[in-house]
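Asker: The two chains are supplied separately, each in an independent frame; assemble them into the complex guided by the hints.
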Amino acid sequence: MIEPVRSVYEATLLLKQLVQESPELAHLTVRGEVSNISRPASGHLYFTLKDERARLRVVMFAGKARFLRFAPRDGMSVIVQGAIDIFERSGDYQLYADAVQPDGLGALYLAYEQLKERLQAEGLFEHGRKRALPPYPERIALVTSGTGAAVRDMITTLARRYPLARVLVVPVAVQGEEAPRQIAEGVAMVSKWRLADVMIVGRGGGSFEELFAFNTEAVARAIADSAVPVISAVGHETDTTIADFVADVRAATPTAAAELATADARDIEIRLANAEHRLQSAVAKTLSQCADRVERLLQSRVLADPGRMIFSLHEQLDALERSLGAGLRTRVDSRVRAVSGLELRLARQSPAVRLGVQQARLDALASRQAHALRRVLDGREMRLAQAVTSLELLSPLAVMKRGYAVVMASATKRAVIGVNEVQPGDAVHVQFRDGWLDCQVWGVHDDDEAES
Amino acid sequence: MTKPNPDAEGAELTFEVALTQLEDAVKKLESGELSLDDAISQFQTGMQLVRLCRGKLQAAEQKVELVMAKEQGVEASPFKLEE
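Residue numbers (the working numbering), protein chains in the order written: chain H, 1 to 452; chain L, 1 to 83.
In isolation and in its complexed conformation, chain L is listed as follows (with noise of 0.2 Å):
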């Protein structure tokens, strides 16, 4: 596997993203002037995105890798911590 940048994972949300859209959603409720309609919806939002967020996190399992110089890029193996 020579590609560059080894880990882009198509175009699911990046865990800074899912969080500054939760903050916003609780910024949004609390302003108060949201229609009803409105308030459902943001909080579903908000609360998909806190599911999302704490999902990322518990299953998070570190990946470490190798990472060396190649001719033309660069290249990435399992890194083995020699204990």
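Isolated chain H, as found in the complex (with noise of 0.2 Å):
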């Protein structure tokens, strides 16, 4: 099988694509120390970087070579970020750079970041942690280098500003192996024994390795667990170190951290002026205020002319007087007027009078009961006579006195009306108007018999 065979620009792009699809070589962190570094006029950087086995070509095109916080130089370690990728014209592979720092300073940059990281994760950094500085303290420790600018500067401000308060200089190293125990120690120290109201820890400018003590953790800790308040004041004032982001007040500098831990004596003196003065004024207010009220009582009548009190107490008395005797007569009145109209209620209601009413009442029922009684004692009167007359009529002995008699079963005394009611050999009873005789009957006829 024939090998395929390709152009050295074929086989170059073969390469590029394997280089460019690998994460690893499109970002990548190289340490190594740089030789012959080069940066023409066109602003881009160029240098090789290598150690004991190998070396690298590195390009840093301007747009990113601008932001170098230092110059690279030959024979300086430093860690270069970038992507690798090939150069086709030379058939160069190289690192192009985005980022290239001193080694030295990589390392302990990479510290102060780690460390940075973990205190804040540690709520070490919070705003609420931090605590007001008292406004008037009467000592203020500086836990700085005893001798140099710094101290110097921070004496002679608070001299000037607030001679007041006391100052106690805790001498100790500021840079180099010993200065994070001693820096850290300080401070304690002064938290131990409540030396100061407040302190300042610091030092003058220097560079990121000179000012590394203030970022180890020794001093970060002891400034977090003073019970002081600590003004930090840490190199100029771009540089900002992990006491800073601890302490409870950062400080641009040592002179600036005097300021802050201190009242000017002439802005003092002001406020004293000025109470003075509003002293003054309040108290001539009050005096003269009094002034016009005792002015005014003066004036009053009742203190010009006395008597004039007693004779309205006269006309007072008066008043009241008549007014109750007014209330008196108007009390009395009222109940009599009461009195008789009860009076003439009770006398409607006198038995008398009803007993008179009753009476009367009587005397109509009376004559009209009799009226009624005689008109019925007539009528019955009447009726009776009727029914005498209509009797006498009817009445079987008035039958008798025109001769008749009246026949009685003598057994049963009861009239006998037809003829069917005895039998022959019966006792029967005949009652005449003026007496009866006995008779036994002897024939019963019907009146059939007779017609035949």
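Since the hints were derived computationally from the structure, they do not count as laboratory data.
This one's a predicted model, so the numbers in the text were calculated from it and none came from an experiment.
Don't be surprised by glycine CBs; every beta carbon is placed ideally from N, CA and C.
A couple of the hints might just be wrong.
[Claimed, not checked] To give an idea of the chain L side of the interface with chain H (calculated C-beta under 7 Å), a few residues: (1) Gly46; (2) Ala59; (3) Lys63; (4) Val64.
[Stated by the list, open to error] Reference listing, derived: stretches of chain H covered by chain L, where coverage requires no fewer than 3 residues with Cβ under 8 Å from a Cβ of chain L: (5) 57–68; (6) 139–147; (7) 168–180; (8) 227–241; (9) 334–343.
[Stated by the list, open to error] Just the calculated beta-carbon pair ranges, DEER-fashion: (10) Ala121/H with Asp24/L: 43 to 51 Å; (11) Arg51/L with Gly307/H: 50 to 58 Å; (12) Arg54/L with Tyr109/H: 15 to 23 Å; (13) Ala121/H with Lys80/L: 55 to 63 Å; (14) Leu133/H with Lys80/L: 48 to 56 Å; (15) Leu68/H with Glu23/L: 53 to 61 Å; (16) Ala107/H with Gln72/L: 19 to 27 Å; (17) Gln72/L with Gly75/H: 50 to 58 Å; (18) His314/H with Glu23/L: 56 to 64 Å; (19) Ala121/H with Ser41/L: 18 to 26 Å; (20) Arg54/L with Glu113/H: 48 to 56 Å; (21) Ala99/H with Lys80/L: 46 to 54 Å; (22) Gly55/L with Gly104/H: 55 to 63 Å.
Answerer: Dropping the structure here:
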């Protein structure tokens, strides 16, 4: 099988593709020593990064090179971050740099970043932890180098602004091996014995390495644990160390720290003058108010003419008396009226009157009753007479008067009305107007017989 | 002198306390509710405080000491600024 034959360009493209697809080569951080560095007018930066066994071409285009914070020089150990790519024309592979840092610094930066993150996570930088500085400290401690500009500037600034405060210098190494321990111990000492009301921890300007003592954990913890509020004043405005993050207040420079720690005597003098003025005007006002009140009281009539008071009291007395009397009379009258009213009502209710009334009613009833009775009696008499007359008409005696007699069965004394009520042999009693007969029945004939 | 707290000057009023008392006196007086006698006494206290604070300020003369740790406590000694 014939192997495909490629042009140089095609082969290089194959390699280029392979390199561009690898993620490690896209983001690479390389440490090495700078050699034959060149920086043409274009502003681009070319150098070779080497170590004992290999070398690597590095190019940093002007756009990025402008941000370098230091000037790389041959022999310097640096750390380069960038991407590897193939430059077809020369057949070279190169590291296209995004950032270059001094290696010595690199390690320190790394340590700085890591410690910062750790302490931040612990909450040591929390704003809530920051304490307010005492406005008028009596003692100020300076944890800094016992010699040099920093301590001198602070002392003179304090002397000018607030000589009242006693200054305590706690001399410590501010750079080098011993610095972290000494600074931490100095801070701890001031805190433990409460040597001051406020403490300034710091130093004058210096390189990142020279300031690094203030980026150590020992110093950071000492400041965080301090019972006395801490002002950090490390280096210049642009330098921010971990001590600055942990401290209660960060000052740009030692002198600024001295100003933050104290009020200015001149301002205090102004406040005193102001207070004095306000005292005087306030008391003057109170005095004049009192005077006015006294004045007004003097003019009031009562003091001028006491007699008038007594006179008006008399008047009040009479008035009271009159109203008292009037009050009494009206009460009595109303009582009398009430009584007579009651009497009248009582009289109307007296039994004599009612008796008379009842009597009259009684008489009326009696006479009506008599009338009614008489009427009833007459009526009854009339009816009686009628009954008597009709009785007489009907009475058998009247019939007897005309010669009739009543036949009664002796046994029953009942009138015999029909012949069939008796049998021959029965005893009968015949009653006449003037007496009776005892008879016996001989024969019983009813009307039929007679006809036959 | 190895006293840990090198400056305790007895019960004398501290500058800060004096200032706050002065402000209280001024506020009370300006409130206008004080009787005549109280107003006058507040005024006198206030003026004394002003004189006290002003005196402290003018008389003040910075003291600087060097503080070193010792086994038991702390040692303070005069601090000389090298010119």
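Asker: Three residues or more, CB to CB closer than 8 Å: is that satisfied between the stretch 57–68 of chain H and chain L?
Answerer: As far as the stretch 57–68 of chain H goes, the hint is violated, because 0 residues have Cβ atoms under 8 Å from chain L.
Asker: Quick one, is the Ala59/L hint okay against chain H at 7 Å, beta carbons?
Answerer: violated (9 Å)
Asker: Are Ala99/H and Lys80/L spaced within 46 to 54 Å by their CB atoms?
Answerer: holds (48 Å)
Asker: Given a hinted range of 15 to 23 Å, is it respected by the beta-carbon distance of Arg54/L and Tyr109/H?
Answerer: About 53 Å separates the Cβ atoms of Arg54/L and Tyr109/H, which means 15 to 23 Å is violated.
Asker: Counting residues of the stretch 227–241 of chain H that have a beta-carbon nearer than 8 Å to any beta-carbon of chain L, does the count reach 3?
Answerer: violated (count 0)
Asker: Using the C-beta atoms of Arg51/L and Gly307/H, is the stated range 50 to 58 Å upheld?
Answerer: About 54 Å separates the Cβ atoms of Arg51/L and Gly307/H, which means 50 to 58 Å holds.
Asker: Given the hint of 55 to 63 Å, is the C-beta distance from Ala121/H to Lys80/L inside that range or not?
Answerer: Since Ala121/H and Lys80/L have Cβ atoms about 45 Å apart, the given range 55 to 63 Å is violated.
Asker: Against the range 18 to 26 Å, how does the distance between the Cβ atoms of Ala121/H and Ser41/L compare: consistent or not?
Answerer: violated (58 Å)
Asker: Do the Cβ positions of His314/H and Glu23/L conform to the proposed distance bound of 56 to 64 Å?
Answerer: holds (57 Å)
Asker: Less than 7 Å between beta-carbons is the criterion; does Val64/L satisfy it with respect to chain H?
Answerer: With Cβ-Cβ at 4 Å, under 7 Å, it holds.
Asker: Determine whether the Cβ-Cβ distance between Gly55/L and Gly104/H falls within the hinted range of 55 to 63 Å.
Answerer: holds (57 Å)
Asker: Does the Cβ pair Leu133/H, Lys80/L satisfy 48 to 56 Å?
Answerer: Given a distance of about 28 Å, which is not inside 48 to 56 Å, the answer is violated.
Comparing the model with each numbered hint stated earlier shows that hints 2, 5, 8, 9, 12, 13, 14, 16 and 19 do not hold.
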